[in-house]
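Asker: Line by line, the protein sequences are chains A and B. Take the first sequence: its letter number 84 is residue 80 in the working numbering, and every next letter is one higher. Plus 54 on top of the position in the second sequence (first one is 1) and you've got the working numbering.
Misleading hints may appear alongside valid ones.
As the list claims (entries may be wrong) - Below 16 Å or equal to it, Euclidean Cα-Cα: the simulated EDC-like pairs (lysine to aspartate or glutamate) are: (1) Lys105/A x Glu94/A; (2) Lys9/A x Glu229/B; (3) Lys57/B x Glu186/A; (4) Lys56/B x Glu186/A; (5) Lys9/A x Glu142/B.
Stated by the list, open to error - Chain B regions said to be covered by chain A (calculated; three or more residues, Cβ under 8 Å): (6) 185 to 199; (7) 220 to 230.
To be clear, the hints were calculated from the coordinates, so they are not data collected in a lab. We put the CB at the ideal spot given by N, CA and C, even for glycine.
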Amino acid sequence: MNRRFFWDRFFEKALYGAAWVSVMTLAGIFLLLLYNGAQTFISIAPGDFFSFSRWNPAAYDQPTFGIGAMLVSTLLVTAGAMCITIPLGIGTAAFLSEMASPRLRNVLKPAVEMLAAVPSVVIGFLGIVLVAPALAAAFDLPNGLNALNGAILLGIMALPTMVSVTEDAIHAVPGHYKEASYALGANRWETLVHVTLPACKSGILAATMLALGRALGETMTVLMATGNATSLPHGIFDPVRTITATVAIEMGEVPFDTPHFFSLFACALVLFLITLAVNILAERMAARFRKKGQ
Amino acid sequence: MKKITQLFGFALLLTATLVVLSILGLILFDIVLKGAPVFNWKFLTHFPQKGMTEGGIFPAIFGTTLVTLISTVFAMPLGIGCAVYLNEYAPDNKFTRLIRASVRNLAGVPSIVYGLFGLSIFIQGMGIPPSLLTAGCTLGLLTLPFIIATTEEALRNVPRLTREGALALGATRWECVYSVVLPSAVPGILTGLILALSRAAGETAPILFTGVALYTRYLPASPLDEFMALPYHLYILSTQHHAIEQVRPLAYATAMTLLLVVFLLNFTAFRIRATYKR
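All chains, full assembly: derive it from the sequences and hints.
Answerer: Written out as structure tokens, the structure reads:
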């Protein structure tokens, strides 16, 4: 009898321990980025780091560390991606939940999930072999590796998130909203546009935020398809280098514990804080639409 | 007029859906069309030869298989444990909410940040050389929130009466979890684990600095050896190789192999879910 209760206590404690691993990982990620990132500012003034001076940390005589151009590049590519993902995602989600028959849905939903399963290097590869030549031909560019290419690819990668969260939000709208709308003589389209979609505004916002977080943090795709120029982009046709790509390219080559090494952690910290803020915002929105659904 | 607007609106939604589907179709079509001519038994079972311009990708397949298995072995007990705690034990208090919030936010952390974390914890901190082990653990952390979420969902679907029956017969809480709740949640948990495997197999950014190698002459003999991986191999062939145009067919076939691995895993998960839903 005692042994049974011993194991009961033992596993309760062990499971409790396992549950804390996630907290410790998240805290560990933050603290390590902070610890390593903060050491950047021993040798580099914060004003020089958060500036538009060139990102040239490997220069022999006068290395310069300005994160400005990378930050703008990251935002440019992500904003472009959202312009593609939001309309396509909402449209597809609305089609799936309001128009498609259950049988069609059972085919289409796995297709969207399949898109989510495509690894980011494969998408990046297609950016090089398919999207880049197409862009070069369409806009008469020397090559198609630029911000627009990255935006298109990230837009595709963020689509499954956008579609599935928006669809959940549409399903969470109480049925009597729609019935009331039909009773007033509205047809299905009018009900969708004037009743259902406005009612799940916060859900759509949550979907957008989650898709945004996904696009902001994506590494391999942008690394492969955006041309990797460290200068400040002047438009969507300029090659850019995002924060993630910079860390991916340079971390493998820097010696440990140098200003350059620390500055890459500082870059990652900036990225981490942005995505964390976006995700927390998404969570707030999602909590709101789930409450409405009940 | 109302009818025309509706028709036009629905046509718009249909177009959006068709665009999404054709993107998927284009991805599959292009890769299979251009990858298939090179994709054969020799390609899958041979080492790269002549500076990767010929030969196969066997070490990359081998490395990816091992590193994903290590990641699952590492993440499975932690992930399932955390989910069981959250669903079966956790009281509704501040700490539980903190744990849940951490899990959700971990899922949104960029994969490259996991790479940096793995580098500083496992390699710099613990002094383990960049290897299968460090890369596997880094990937394991990345899939952890994913495993927790799917396991919790599987546990939630176990009816409450099942638990109450076990407890009424005098089982302790752990006995109830171990012999009643977990067995009936196995299909759901398995689905989640396989999807986590597929996620880990396709990731590149977290392993960049934690053990993946451009080329190894021999297969890794221990968990402390460097390894080649499919997604990294594709990245190298398509951007870093000295004769990019020449190796393009090999890159296509590598992409096809990677897609095949990932889709096979997803399909297995899908089948398990479909079989046990009834």
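Asker: Evaluate each hint against the coordinates.
Answerer: Verification of the supplied hints:
As the CA atoms of Lys105/A and Glu94/A are separated by approximately 14 Å, the hinted pair is consistent with the 16 Å bound. A threshold of 16 Å between alpha carbons decides the hint, and for Lys9/A with Glu229/B the separation of about 15 Å falls inside it, so the pair holds. Distance restraint check for Lys57/B and Glu186/A: the Cα-Cα separation of roughly 10 Å lies within the 16 Å cut-off, and the hinted pair is therefore satisfied. Between Lys56/B and Glu186/A the CA atoms are separated by roughly 9 Å; this keeps the pair inside 16 Å, and the hint holds.
At most 16 Å may separate the alpha-carbon atoms for a hinted pair to count; Lys9/A and Glu142/B meet this at roughly 13 Å. Counting residues of the stretch 185 to 199 of chain B whose beta-carbon sits less than 8 Å from any beta-carbon of chain A gives 3, enough to reach three: the coverage restraint holds. Given as covered by chain A, the stretch 220 to 230 of chain B passes the check, having 4 residues with a CB less than 8 Å from a CB of that chain where 3 are the minimum.
This entry satisfies every hint, going by the numbered hints stated previously.
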